[in-house]
Amino acid sequence: MNLYARRRSTNTLVLALSLGATAIGVIALAAILWTLIGEGIAGMSLALFTQTTPPPGSKGGLMNAIYGSLIMTGLATLIGTPVGILAGTYLSEYARHNKLGEVVRFINDLLLSAPSIIIGLFVYELMVVRMGHFSAWAGSVALAIIVIPVVVRTSENMLNLVPIALREAAAALGAPKWKVVVMVSYRAALQGMITGVMLAVARIAGETAPLLFTALNNQFFSTNMNAPMANLPVVIFQFALSPYTDWQSLALAGALLITIAILILNILARMVASWSSFTK
Amino acid sequence: MADIALKETRGKPFQNLFDRVFHGTTWFFAMLVLAILGGVIVSLLDGAIPAFRTFGWNFLVTSNWNPVTEKFGALPAIYGTLVTSAIAMVVAVPIAFGITIFITELCPPWLKRSLSTAIELLAAVPSIIYGIWGLFVFAPFLQETLQPLLIETLGEIPVIGALFDGPPLGIGILTAGLILAIMVLPFISAVMRDVFETVPPMLKESAYGLGCTTWEVVWNVVLPFTRVGVIGAVMLGLGRALGETMAVTFVIGNAHRIKASLLAPGTTISATLANEFTEATGEAYISTLFAIGFILFVITLMVLVVAKLMLMRLQKQAGN
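Keeping their order, the protein sequence lines are chains G and U.
1 is the number of the first residue of the first sequence in our numbering; add one for each residue after it.
1001 is the number of the first residue of the second sequence in our numbering; add one for each residue after it.
Looking at chain G on its own, in the form it has when it is part of the complex (with noise of 0.2 Å):
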């Protein structure tokens, strides 16, 4: 009996530190969107939107930083895609029990996880150096190569859930692989694949690492993609540790900004990921 109870309160007390762990982790999540919307929501107005970066001092807006994110993050998107989309259709689709199949796939899981300052750094030596100048092109290529691998393991996973009878019916039906792949396939997986994309730009929207060396970032409004270009995690990252109130408060507005934007992205993709007729 005396062991019973024992067993008994270890399992009640494990349980309790679960629940407890459990309670952390979304205590962590909640105070982090407590602050921001409550301190974000402050600088939130139409100037934000309408105006530039101001020097310390006065009053300004983000949007040169919101141009930018919101070009070099849909050109990195559109570099990235197609890359990944064609890279994962090579792994389903041609090469998913060969060794070099293999090879890809650990690489880009590696690459999956590789720290994003290092692919800044990797983007500085390839393009800032022989350019001689930071610019927003760089940092669109440093983003896309973010997105390339997150789109070549999703696309991949999507592909593999669509059934080879389909593939087979189709093929018996006399259409050459491609037209397999393209109509059948990719018809098939789309949802998917969507999901994947959407993520991929979740991830990039808020990447800050990759950008420090490569777009910089710009006091003004500029188009110049041949220039350093504002961003809004680089602004926040320079006016949030800047000792200026009027600047730490635009950092946070800006926070709340892309933190909106990325759980609406990821809300979102979870809904696509729903309506596909494969997964779960």
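Keep in mind that the hints were calculated from the coordinates and are not lab data.
Just so we're clear, the structure is a prediction, and the values are computed from it rather than from any experiment.
We treat Cβ as the ideally placed atom computed from N, Cα and C, and that holds for glycine.
Incorrect hints may appear among the rest.
Taking beta-carbon pairs under 10 Å as the criterion, some of the chain G residues facing chain U (in silico) [said to hold, decoys possible]:
| # | residue |
| --- | --- |
| 1 | Ala21 |
| 2 | Gly88 |
| 3 | Asp109 |
| 4 | Phe122 |
| 5 | Leu166 |
| 6 | Ala169 |
| 7 | Ala209 |
| 8 | Ile258 |
Fit chain U to the known structure of chain G by using the hints.
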């Protein structure tokens, strides 16, 4: 009929050609993934070679950091990287384990989905948000609560006391480690959950049938079955923690020196890069930054390779 036959003879070579082009294109982009990793290694090494030549092996064990005289040593940055990651692991692994037990074994089904989603959203929050929250909220909070407490209690004990010496600054190695812990928590717990789900239900049900408690099932059945996978999950979290930049940069204090106290400011490799790279002048300085970047990349790659191998072993085992 003749028309159709004619079309076929015209169509087939075209289709064959297109097939080959399509196959070749997908192959090319798959190879691009390999080329990116190769390119990263080559370009980092290329940038780092002058520094390695100048400082030799001493680079790894000295702690000078003087941009004016161009004398650099990577030890404080390496030390900071390893210590903050270690703190993060010590704190995050038990909590992630607890969350995983709660989600897989305890949680009522209606809560399971929203809870998993909440934890995954925590993983989606970008690191700069953790950094800004750490700077404005978490560091001042620690300065007023946890740090004075640690100084008064553990700080009084000999030997261990040295770890908690000095004034409560708020920012420092300990704060950076704790922020990292919150950041890697969802990654570890998400992978652990997948790993726990590879355990055949039959095994667990047999143990429950023998009268095991939930904890006994987890400790004696689930954990031994998933051991490699759990290690893989932890290593994956460690890989993240080592290379994490923005969350750390805000709260570490950026001091190139090694202090015994965890409350003192320090630096990590990634924080040094984020803070100093754009302001670095002179070839030696920039090359030094490339060199520490290379060291960071090598360390994280090794950790990630081990993590992947462990997880692959579990997958094979579960497949059989």
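Outcome of the hint check:
no., hint, verdict
1, Ala21, "3 Å, holds"
2, Gly88, "9 Å, holds"
3, Asp109, "6 Å, holds"
4, Phe122, "5 Å, holds"
5, Leu166, "18 Å, violated"
6, Ala169, "18 Å, violated"
7, Ala209, "4 Å, holds"
8, Ile258, "7 Å, holds"
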